[in-house]
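K.L.:
Below, each chain spelled out in residue letters.
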Amino acid sequence: MIIAKGKIYDSKQQDEILGNVENEITETLSSKSIDTETVISAVEKLCCKLKNGDFDDIINSLPIDGIDEYKKLAIRMLSRENIMLKLKTELGEDYLKTLETSPPEDLPKIKITAKPLGVLLHIAAGNMDGLPAFSLAEGLLTGNINILKLPSADNGLSVRIIAELIKSEPSLADFIYVFDTPSTDISAIKKMAEISDGIVVWGGEAAVSAVRQLAPVNSKLIEWGHRLSFAYISGFADKEKELSQLAEHIITTKGLLCSSCQVIYIDTDDYDDVTAFCRDFFPVLEKAADTHKPSSIDSRAEITLRKYTDKLESFLSGTEKAPFKSDLCSLVPCRDSELELSDMFGSVLVKPLPNKNIISVLGRKKGYLQTAGLICSPDKRDQLSDILMKSGIVRITKAGNMSSAFPGEAHDGEYPLRRYMRIVNQEI
Amino acid sequence: MKYRRKLFSYKDAFAVNDTNELFLKAVKENCLYHYNHCKEYKKILDGMKFHPDDLKTIDDLSKLPFLPTLIFKKHKLYSVPAFRTIVKATSSGTAGMKSEIGFCVSDLYSGLKMVLNVSKLRGLFSPVPCNYIVFGYKPHKSNKTAVTKTALGATFFTPALSRTFALKYSNGKYNADLEGILNAVIKYSKSKMPVRFMGFPSYTYFLMKMMDERNIRVKLPANSKILLGGGWKQFYTEQVDKSVFYDLAKKVLNIDDWNIIEFFGAVEHPVLYCDCKNHHFHVPIYSRVLIRDVDTLDVLDNGEEGLVNLITPMVKACPILSVMTDDLGILHDGENCSCGINSPYLEIIGRIGMKDIKTCAAGAAEILKEVNL
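Quick note, the sequences are listed as chains A and B, same order. Heads up: the first sequence is residues 1 to 428, going by our numbering. Heads up: the second sequence is residues 1 to 373, going by our numbering.
Mixed in with the good hints there might be a few duds.
Claimed, not checked - A few chain A residues that face chain B, going by a derived Cβ cut-off under 7 Å, partial list only:
1. I8
2. S11
3. K12
4. D298
5. R300
6. L312
7. I387
As the list claims (entries may be wrong) - Take a look, some chain A residues computed to stay more than 12 Å from chain B by CB distance:
8. Q14
9. L50
10. I428
These aren't lab readings, by the way, just hints derived from the structure by calculation. Idealized CB from N, CA, C, for every residue including glycine.
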């Protein structure tokens, strides 16, 4: 399905539509612009519809566990207050106004205006539902014309959201193009890239490096690559509560998000402390896994198959299963300190990392670091936060909130809205 | 393996109901053989408290312990000495986690009879020579992937006038040569003999897109066909919407929908599935499909979605008689399809787990990224 200028077309018409896009965009750029208020009010209307259950049919059909939580989160994120806060934090109070410099003595004055980059191509990842629409909304908020290439895994939610957005604010139609081009159709994607001033790419290394290869040298690349996150434990403020919140986080995000805990670091160089922690924590993790048993058919199938395979493996090897492992979750104690991807889906690595080694160990993963969920006694919090900040981490939360959304927060250490704009200086 | 011989010599490749008894006997014979010759297989059956003699009626197939494909990725299971497996095939796909399955002479002979019989369905055998365009890897000693073998194998259906490969091995890696292919297509379009395309759907699609873009239209000789294959995975990653594919084939190559034929087969279940004229994959007599409940693993009725369990007594070299794929699918009653074949047909809905997403089609896409247009 394709959306162009507010109309929906069949995928077959892609090349025909793409052939006209450049002229249409030139026309739009020279004759129209959108202001932030238009976008905010469109998003607000969309938020109301979401609240009223207008999207429940499609949302409930998604194979996602804990969907109500996602819906509540989306409603909060799309509220006018939250968007205003985002604009203010990322762009500053006066950023969208034209300012005049007042340089000392009689040096020349200039006017400063923030303008959209122009045309943004969004190449969205498929690991988070609705993310393509979110990326597009950021492009609209900054006044850009947006071309969105949907991920092959998209399930129709994004198209539905975008169509509703245009319906409630038809003036946005000229600023939105959506294509469901498969990633194999390099020539079409290249064409989209050539029209664009900036390319926003979400996804793993393969996606990012593929886009780097096909992007024209003169377009700006804005990469939101995959990140790694971990929990760091050095004592507790309220052990029982903190461990159960960490367990909830691990089970509910399944390790799939950039902010999901992949490794639990223990502030020690003694492996015995690692296994002792596993003994303490495993029952807590099992309990969380039991309360959040997956309901989607493929997760259930995977668990059933894993359980069956483990049984066959035990016949083949004649050994008992690993100590910290159940059908739904597992802890893997390790002797090394490397930050790496866990097996996900309820499985997490536990490793020793004395605080004196934090910077050297995490330094090896620079560019990939995102969230540290810090659990420690209150008196150590500032000092450990400081070390983590120096290591390259861009978010520090309590361990249970590693994947929570905080209004006004940056994205992977940057303010996306700023990257989607450019500053124009005018001599007065 | 006399019952296997009988089954694989049976005339009608889709008479599933008429061959139930024979199929059961062949499975029992195969099961007993592996039980006695593969110690790991015996351990599993013993552990599951199952003996080959427990196979008494066709319904007992559901009690036969199945082996998940992951087991073949972690263990090499053989029932014949290594020197007797003359062909080893590895599943294409995720790096580092490949299943290795071996075949001995009698397995391949059964396979050949099966291929001949199944292919009759779509009139693939013809004395008329063809020009072949193979969208696959040109065989090289370092490439054991099954796809290479099937793609090349299919070029023996009719006498080959020529074979042109899309992926050529040079400087230690495979490179795509689409310009070469395009030149070959233009050349063959002027020939009287039909052209057959064979291999990954994504390549064929990409070639056609390239032609469309450059406004190149050819009318290939009558009876030219596109044969699509490349493994299970092709059929649900749906990189390309099928109707878009069919329309494009008509537009740039003048090949009609009914001359586009899809195959699939997996290394762990090397039975050849070929689509009917309605593009449904009916189960051939060499295979039985059980759809199992995702929680209880109980066998489900036709029309219900579950895990896909595939059974075949084809192979003696490895105990792959009952394997559980990572696929979710539905088995439909044969009567729901108007093509005239009564055997049920399998629809793959999706795949479980996210760690193994990369398919050989994705690999192909990666190589294509290096092609400069």
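K.L.:
If you test the structure against every hint from before, which numbers come out violated?
P.N.:
Hints 1, 7 and 8 not satisfied by this model.
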